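Enquirer: Given two chains presented individually in distinct reference frames, assemble the corresponding complex, making use of the accompanying hints.
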Amino acid sequence: MDKFEQAFQNKLDNEEKIEPKDWMPEKYRKTLIRQISQHAHSEIVGMLPEGNWITRAPSMRRKIGLLAKVQDEAGHGLYLYSAAETLGIDRAELFDQLHSGIAKYSSIFNYPTISWSDIGAIGWLVDGAAIMNQVMLTRASYGPYARAMVRICKEESFHQRQGYEMMVSLANGTEEQKEMAQDSLNRWWWPSLMMFGPSNAESTHSAQSMAWKIKRKSNDDLRQQFVDVTVPQAEYLGLKIPDDKLKWNEERGHYDFGEINWDEFWEVVKGNGPCNKERLETRVKAHENGAWVREAAMAYSEKLNTAVNHK
Amino acid sequence: MLKQKISAYSILLGDQSLILGQRLGELCGHGPILEVDIAMTNIALDLLGQARLYYQLAAELSDTYEDEDQIAFLRREKDYNNCVLVEMPNGDFGDTIVRQYLFDVYHLMFLNQLKESNEKRLKAIAEKSIKEVRYHLNFSGDWILRLGKGTEVSNQKIQKAVDTLWPYTKELVQSSELETEMHGFGIAPNLADLEDEYYRQVKSKFAEAEIKLPEDKWSQIQGKKGLHSEHFGYLLSDLQYLQRSYPNSKW
Numbered sequence: 001m002d003k004f005e006q007a008f009q010n011k012l013d014n015e016e017k018i019e020p021k022d023w024m025p026e027k028y029r030k031t032l033i034r035q036i037s038q039h040a041h042s043e044i045v046g047m048l049p050e051g052n053w054i055t056r057a058p059s060m061r062r063k064i065g066l067l068a069k070v071q072d073e074a075g076h077g078l079y080l081y082s083a084a085e086t087l088g089i090d091r092a093e094l095f096d097q098l099h100s101g102i103a104k105y106s107s108i109f110n111y112p113t114i115s116w117s118d119i120g121a122i123g124w125l126v127d128g129a130a131i132m133n134q135v136m137l138t139r140a141s142y143g144p145y146a147r148a149m150v151r152i153c154k155e156e157s158f159h160q161r162q163g164y165e166m167m168v169s170l171a172n173g174t175e176e177q178k179e180m181a182q183d184s185l186n187r188w189w190w191p192s193l194m195m196f197g198p199s200n201a202e203s204t205h206s207a208q209s210m211a212w213k214i215k216r217k218s219n220d221d222l223r224q225q226f227v228d229v230t231v232p233q234a235e236y237l238g239l240k241i242p243d244d245k246l247k248w249n250e251e252r253g254h255y256d257f258g259e260i261n262w263d264e265f266w267e268v269v270k271g272n273g274p275c276n277k278e279r280l281e282t283r284v285k286a287h288e289n290g291a292w293v294r295e296a297a298m299a300y301s302e303k304l305n306t307a308v309n310h311k
Numbered sequence: 001m002l003k004q005k006i007s008a009y010s011i012l013l014g015d016q017s018l019i020l021g022q023r024l025g026e027l028c029g030h031g032p033i034l035e036v037d038i039a040m041t042n043i044a045l046d047l048l049g050q051a052r053l054y055y056q057l058a059a060e061l062s063d064t065y066e067d068e069d070q071i072a073f074l075r076r077e078k079d080y081n082n083c084v085l086v087e088m089p090n091g092d093f094g095d096t097i098v099r100q101y102l103f104d105v106y107h108l109m110f111l112n113q114l115k116e117s118n119e120k121r122l123k124a125i126a127e128k129s130i131k132e133v134r135y136h137l138n139f140s141g142d143w144i145l146r147l148g149k150g151t152e153v154s155n156q157k158i159q160k161a162v163d164t165l166w167p168y169t170k171e172l173v174q175s176s177e178l179e180t181e182m183h184g185f186g187i188a189p190n191l192a193d194l195e196d197e198y199y200r201q202v203k204s205k206f207a208e209a210e211i212k213l214p215e216d217k218w219s220q221i222q223g224k225k226g227l228h229s230e231h232f233g234y235l236l237s238d239l240q241y242l243q244r245s246y247p248n249s250k251w
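Protein sequences appear in the order of chains A and B. Sequence positions in the first sequence follow my numbering and run 1 to 311. Sequence positions in the second sequence follow my numbering and run 1 to 251.
For reference, chain B alone in the conformation it holds in the complex (with noise of 0.2 angstroms):
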């Protein structure tokens, strides 16, 4: 029973990385700048290896999922629990980088608590991660200050991509249940530990970057529980599409 506990949240863990990964691959070849192009897929590449990490210790523990691609590709659109920022479109640079800062700070101080994890395959997963993510991080704050402070064209279009990306943070620092549950068990970080220091470091960052904060509003975002966006079916669709219309094939 704890061990499909378990696989259910190294799922959730890997549908994070998944579909921001999925994002990212999607502008492969569209950057704005050379060098930021094959940053940006660096980073979608680390992802896409930490989703495999944590899908093949799912489907080694569960009684439901054979391998690491029936988990990636032949789910249905409720049963990924990804938080709905990482599904959030690429929209224009600005969007994208602002997308990539608020993972990224949480994504990182979640891995400093998940190497604490007794599930030891976790912990190894997160120790592994640190070590990219900590780059990503780097990389997407970088250009957090670039862009705030660089031209008023490009603090504009950073202000207009924290406006409406902020309600999606909250569902970062909040638990779901089986979150809440994994934490009872010492497998999983307690979430609402992290929500002060995730929003004191996000605020001091956008404020050296001169870009104002929006008010704090009711948000009722809660892709963990498998609610997403009207943008998610299209990714899925891409996603799938092989996997849906050839059932039953080895690639």
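Pulled out of the complex, with its shape left as it was, chain A reads as follows (with noise of 0.2 angstroms):
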């Protein structure tokens, strides 16, 4: 181990954080990258199955609600954008790479929103789940993302709140709206569960990544902690968990829960999910449609540079 590999580690070990100019290793600085534009990606695709509602929100209030929220994970994409560009990568470029289909982001945003409820459901169990590992985040080892994820994470806190609000409502209306409500839990229940990986020995990057203390906990643990907290959430809604094997288990102080679909995970990883094309096509298009108002802008801009610069 030489010096700068020494001082890293030293870091490490009493938790200082890594800055941007501080020496990393190279993997370090790549995982890191990788990890934190697709979480910005994540944030991106993701304004699009909530987008889908905004025009139909069903009152002045929810609509408000709704688009302040999507405007909320634009803002995300952005600190995450700026917290992956302190690693020596530049906005276009992440782009690109989301574009042509060599990052990934979040597969629970290649699921459609098909009814009002879904927006209540993702607030509810999405940035439920999200927020789980997100807090976990707020500790990473590298400053700039832990120090992003902090904001990150009590913006999502308002919106899961949000959520379940929502449901709230609907689980208290009317038969219609409360079957919505139930529909939705049914069609995001599995795909919630599968937003924290695939389980830790199926995990390629989780290993490396607690030994950097960029990642704290386990896919395993989060995702009983998830269920442990959402369980009684369910029941306070009146609404059912579909899920057979869903049981307190006394000893272990959890609930046990059935097996996950992970043929159906990583088929929706590959690009197989129901709106993976959609939403990557929608992504590329308002690229595309913005090229001549950015190169406008950069036009204009240096038309201003020379003008000031000839006075």
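In case anyone wonders, no lab produced these hints; they're calculated from the structure. Some hints here could point you the wrong way.
Simulated crosslink set (BS3-like; lysine-lysine; CA at most 27 angstroms straight-line) [unchecked claim]: (1) A/Lys-104 x A/Lys-30; (2) B/Lys-203 x A/Lys-303; (3) B/Lys-149 x A/Lys-285; (4) B/Lys-128 x A/Lys-303; (5) B/Lys-250 x A/Lys-240; (6) B/Lys-128 x A/Lys-285; (7) A/Lys-303 x B/Lys-250; (8) B/Lys-160 x A/Lys-303; (9) B/Lys-205 x B/Lys-128.
The structure presented is a predicted model; accordingly, all values stated were derived computationally and were not measured.
Expert: In structure tokens, the structure reads:
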């Protein structure tokens, strides 16, 4: 171990943050770029399924709440792209990786939002699951990432409560609304559990990320934590979680739950989910349609600079 | 009686904001640049927030409507009194930004007058909204310059948008019967007073942006009388979908 590596390791051991100008192993840098950009892409792609209901939100209050929420996701994307840029890559390159399909984003956003209650279910379950992961990341060893996550977590936890509150309204509403809410839970439950990623044994990056203190808890532990927190919330709503094997285990002090369909998980990761193509095409289209706007903005700013230099 | 008219007037003002906010809401997640996406969503949020204030006041005064949502979601097409400009489709970013700019210039001038209204609650809404709309105008005005003077392509796109949307500006500065009556009570500005200044500002910006103004032509656009474009029905189908499909539900 050379002295740079030693200094890096000492910082990790002492729970000090690694900062952009510090020496870091190339693999640590690459892992972070991959993870942070994946996270940023997830925020940006994640705007689409929820954005699908902005024009159809059922009340003024809900419309504004949803619009503000989707805007927050754009803001999260922005902090995260900026955090990634501190590692020596720029946003345009990250976008290219997303648009060409090299970079991944969270598979959950490849499921469709086909009813209004899906918006509630996403807030409650998807944001709920995301928070489990993200709270852990506020303690990640890389400073800019950890700090971005602090702010993101505050907003996500608001989104989660907003989503749950929507579910409360629906669960206490008409028969049709209750049915709508149950249907959303049925469709979003398992994909939400998949969000934590494969089991520890199957997860390629987990062990190294934990050693580097980027990740602090295992996928399975986080998933269990999510189930334990969410089951009573579903009970309060009077909705049934679609898992016959779900049962409190007194001995473990946790809920037992059924087997996740990992075939489905890997198929969606591979690009065969219900909306993979659509989501990517929408992003590519927005980017391509915006090209002339970005070019014009650059050209105008160059003209202004030239004008200033001539004065 | 006057109460009902103030209510109707407040609805008309709310409609402008709601419909433009609804249009901008369609774009969230599809912007040309992430920062622009966020900024445009901010504008949408401001407008929807203003619509709520107008509708809440209208509902309070109204014998017909119980709350803001009944006003926003459960009227018939011809009962919406927004100018046609704000319901025009987003088109490309050039169309969106020209529509925004043409409305923002009017909107700020209008609010500056409305804040002199002797109807205290409208005055208060105007005072709050001015701060927001000043920013909207900065944003859209800057983009008019950027795109007008940026590249040949962007100049052409803005030019095309201006050519299309120009006839819709007239309605902004022409009072409907209701507005004229409200002006008589010292509640609403006289829109005709805004006309010269409106066109002066717009023309000067477009000249700076190297955009040619179309000839003034005869125009018979009357959104404020409930006569809308063919686009409007589709906008309402989205807007009203859940309220119409699941009547008497709480959300």
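Enquirer: Taking the hints in turn, state whether each one holds.
Expert: A quick look at each hint next to the structure:
1. A/Lys-104 x A/Lys-30: holds (14 angstroms)
2. B/Lys-203 x A/Lys-303: holds (22 angstroms)
3. B/Lys-149 x A/Lys-285: The given pair, whose Cα atoms are some 25 angstroms apart, holds under the 27 angstroms limit.
4. B/Lys-128 x A/Lys-303: violated (36 angstroms)
5. B/Lys-250 x A/Lys-240: This hinted pair holds, its Cα atoms lying about 22 angstroms apart.
6. B/Lys-128 x A/Lys-285: Violated, at roughly 37 angstroms.
7. A/Lys-303 x B/Lys-250: Not OK: A/Lys-303 and B/Lys-250 at ~54 angstroms, beyond 27 angstroms, violated.
8. B/Lys-160 x A/Lys-303: holds (23 angstroms)
9. B/Lys-205 x B/Lys-128: holds (26 angstroms)
This entry does not satisfy hints 4, 6 and 7, going by the numbered hints stated previously.
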